[in-house]
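Residue numbers (my numbering), protein chains in the order written: chain A, 11 to 535; chain B, -17 to 114.
FYI, nobody ran anything at the bench for these hints, they're computed from the structure. Virtual Cβ for every residue (Gly too), placed ideally from N, Cα, C. Don't take each hint at face value.
[Said to hold, decoys possible] In silico contact screen, one side only, chain A against chain B (beta carbon under 8 Å); selected entries:
1. VAL33
2. LEU36
3. PRO120
4. ILE121
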Amino acid sequence: MADKLWFLIPEIWLFVGVVVVSVMGLSRRKMFRDLLPLVVCVFLVGAFIITPLLYSEQRISAAGLLMPMLGKYVKMLVCAIGVILTMLSVGLIDRDLEASMSAGRTRFDPIRVNRGEYFSFFMLSIIGVMLVCNANDLIWLFLALELTSLPTYIMVAISRPSRKAQEAAVKYFFLGAMSAAMFLYGFALLYGATGEIELTKLRDVFAAQAAAGGLNRVAIVGLILTVMGISFKMAVVPMHFYAADVYEGAASPVTAFLAFVPKTAGAVALILILSTVGWSGHYGNGAHGLPREILTALWIMAVLTMTLGNIGALLQRSAKRMLAYSSIAHSGYILIGLIAGPPHGLNAVLFYLLAYGVMNTAAFAVLASFERKGEEIESLADLAGLRHRYPVMAVAMALAAGSLIGFPPLLGFAGKLYLFIAGVDAGHIALIVIAGVNSAISAFYYLWLVGLPILAQSTPQSETVVARPVVWPRVAAIVTAIGVVILPLFAQSLLKASQAVTVERETTALDVTVAPDQPEQPTSP
Amino acid sequence: MSMLMLAVDLDAYIPIGLLVVMAIVFAAANLLMSHVMGPRREGPIKGSTYESGMDPIGSARKRFNVRFYILAMTFLVFDVEIIFLYPWAVTFAKLAPQSDEAALFLGRIMFFIATSIIAYVYAWRKGVFRWD
């Protein structure tokens, strides 16, 4: 146990940050309240620097985690994207209240300011994702997933002073609670079927059951419920219903957060859960060891997610709803990597999470940079002719959208390429063909995002759109847009970083192949 | 084989099943016995709501100030803290005095208490105890 605590130092550090931020947010001095995003960034950068220092060979082998190296990659990724997301949130919360307090119309009242709470929840949600990586039993996994989600419900509600945001938060909360109940029920069945809650022991029991003729039926039901419940976090069909409404209702910076942080948590949790049943070929039926039922379920979910996501996006006239559906479609692409399995599939998933995090945040950052009379812009028409007045932002939007299509040589292309290669390697040709067709469909609506800002003429409506007074969302958009162009050059080394995760897993997978040869393993309590 | 495993697994639920049956029987038997054997004296005072000895005034279906809710949340902070302090105290007494382990234990609980104190300060600053 104590060996595992070493890996929690970044989380504890961030938790200290949560405490500092929540108290600082109640300061009477405006200067302290305005410093909050900077403090969040300092803590995130600190966690980013601490994380790689903790992963020594000795601690990794002592920790007894299912995939010990997963944490290093994912934590660093989440902290890095977290800094960008913090930039987006500058000046978002309490905007009107702060303005009226500066003008002396309102007195400072601690109960009415929300900025400290917003950034606290922001960091708590990030801590949740980091804890998911360290999960070594089902209870920990459940708590970590909920820690990721619960703060986001409140973030949606306080993100902007409109009824839409509150409606979105309530929808998100109830559907989120349902999904939590679903995968908790799945976990209970997994425990019932194996008598274990530790992931490494679950894996051994499943290996023994598979060697003895197939997984327990109860375990299969549990796995399917778990996968369905967790897929809510990733907005995978059939658990995608909330995405469009919630993403539209929340303010753009929070939407960018929702599209990345819970999705990463879901993907990591699925990697862990699927690792217990294993992809390695010793389960009989075919080259892919995922139980046939799970494989079929994932396959259908991937196809539906890609197709419904892209077709849904085609029909939208609101840029935010369009990006919401596009994020559903991208979850479908991520599922391809999960179906393909280690090593290439999982590497591709982890790399794609990075690519998706950068390019999707770039697109939302551009939306978050503009407003009309203090209201954020939503419709596509607002972007028309952006290049006349804000050429840099227009180019940033075009790059982000081009990367989301998967246009070479941008970052999204590298991400999709690795995913598709992994899929073909694993023999899922039909799935890759469907994914290819979907990429073509997606080009149609993403090209609106390229064409409107760059090629179209301004309209009287789009002339009224102005940049937000704070500069940081624009900085974030520029940084991520540069990332979309520059990062493909480092794609090889980034992929290598993600490969470290599965290298470790292959050594642990060896124990699984050995397990059936050992004398008589107990299969049930 | 898998059917067999299912059967084996359901065996493990027999204790739970027994527990459920016992709970139902116990509750039903108690209700039945007090209904059959208990003395019965009824009247308007006997039928009134029990409020810890006070005479009930007015209806219970009225609105309470939302502050009670926030106050209850603040109470929870300390409630949870005590839940963790008990096992800590029992274990701490068994550790060797002045040892490194004891120092580590003390440090951890101090960190924990510090976080709940900060939660208290936060609530105070937020105006939870202001009763204007």
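Would you pick out the hints that fail for this structure and give their numbers low to high? Violated: none.
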